[in-house]
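Visitor: Construct all of the structure, not just a fragment, from the sequences and the given hints.
Going by this note's numbering, the letters in the sequence shown line up with residues 7 to 306, in that order.
Hints are not guaranteed to be accurate.
[Said to hold, decoys possible] Calculated lysine-lysine pairs in the DSSO-like style (CA-CA distance at most 27 Å, straight line):
| hint | residue 1 | residue 2 |
| --- | --- | --- |
| 1 | Lys164 | Lys306 |
| 2 | Lys71 | Lys93 |
| 3 | Lys173 | Lys71 |
| 4 | Lys239 | Lys306 |
Read the hints as simulated data drawn from the structure, not as lab findings.
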Amino acid sequence: MKKIICLFSIVFLAASCYQKIEFDPAPWYYDPSDHDSREALKVMSFNVRYRAVDDTGIKDWANRKAGVFEMFENILPTIAGLQEPDKTQVQELETALPQYSFANGAWSEGQTGEYCTILYLTDSLALEDEGTFWLSETPEVASILDGCYNYRICHWAKMRVKSTGTKFLFLNTHLENGSQIKHDNLRAFEMQVIKSKLPVINPENLPWIMVGDLNTSDTDAIFEDFFIEYGMKSARATARRSDNSRTFNNYGTSATAQYDHIFYSGFPAVSQFGTVTQKWANLAYISDHYPVYAIMRFDK
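Guide: Shown next as structure tokens:
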């Protein structure tokens, strides 16, 4: 009987001393074999959130930017598309991340308003060509589609992998937001503009990647033409290892939407897709969107 009491005492003591060990998700998004491969790209899309006048406290860019810088230093994407930064934010990113080069597309020709910025590791990639078109009835000039709240653009870059000479096209865009039928129709029109421009900017039929805050799910019918005609795929849906996390967090509300996507065509495989939900610089949220990334392979 004394032995039984003693045994229960030991079990109780062990249970009372137990401390929950938090799982560190950091290794999940870093696969050394993929990251070090000369035939792989770590691609990111991130709505960095513009500097809104009424963004105060944790939402203020002055408080968020340290976390944004730390995230890039740790994740170290080969190439990334940013949505919503303004000129000041881009300049601060350029200063904080000297290992990256920047290809910037702005709402207007005067470089004002929000940008669709592409940044890439200078040691890994070379920029061969770039351009901007507007998601409107007149894509070649700065213009707003009738019914949209703001300018909507797509900035593209033709890239070359320095170690192999392999080339690919990278597109970064931000579609109209809103949940009404009229917004669905606007996004459908914007995607048709991109579709019409693809043969023009990609005459070599290079493999391509399209990233962005698309303000809809990756199964929306507005992408159907791309799935059928270009064999476009969603990295989230096809990656060997993936997640199903929300990407719009709205600074901690119950939002569950997946608005941020990485689409591709012409790449044989995607090793990973992930949503970067970790804290950076002790900040719970570095934007109202989480970054997403994918490891794209030129080989299987």
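Visitor: Give a verdict on every hint.
Guide: The hints, checked one at a time:
Pair hint Lys164 plus Lys306 holds up; C-alpha atoms about 22 Å apart against a cutoff of 27 Å. Taking the CA atoms of Lys71 and Lys93, the gap is near 14 Å; set against the 27 Å cutoff, the hint holds. About 32 Å separates the Cα atoms of Lys173 and Lys71, which puts this hinted pair outside 27 Å; it is violated. About 16 Å separates the Cα atoms of Lys239 and Lys306, which keeps this hinted pair within 27 Å; it holds.
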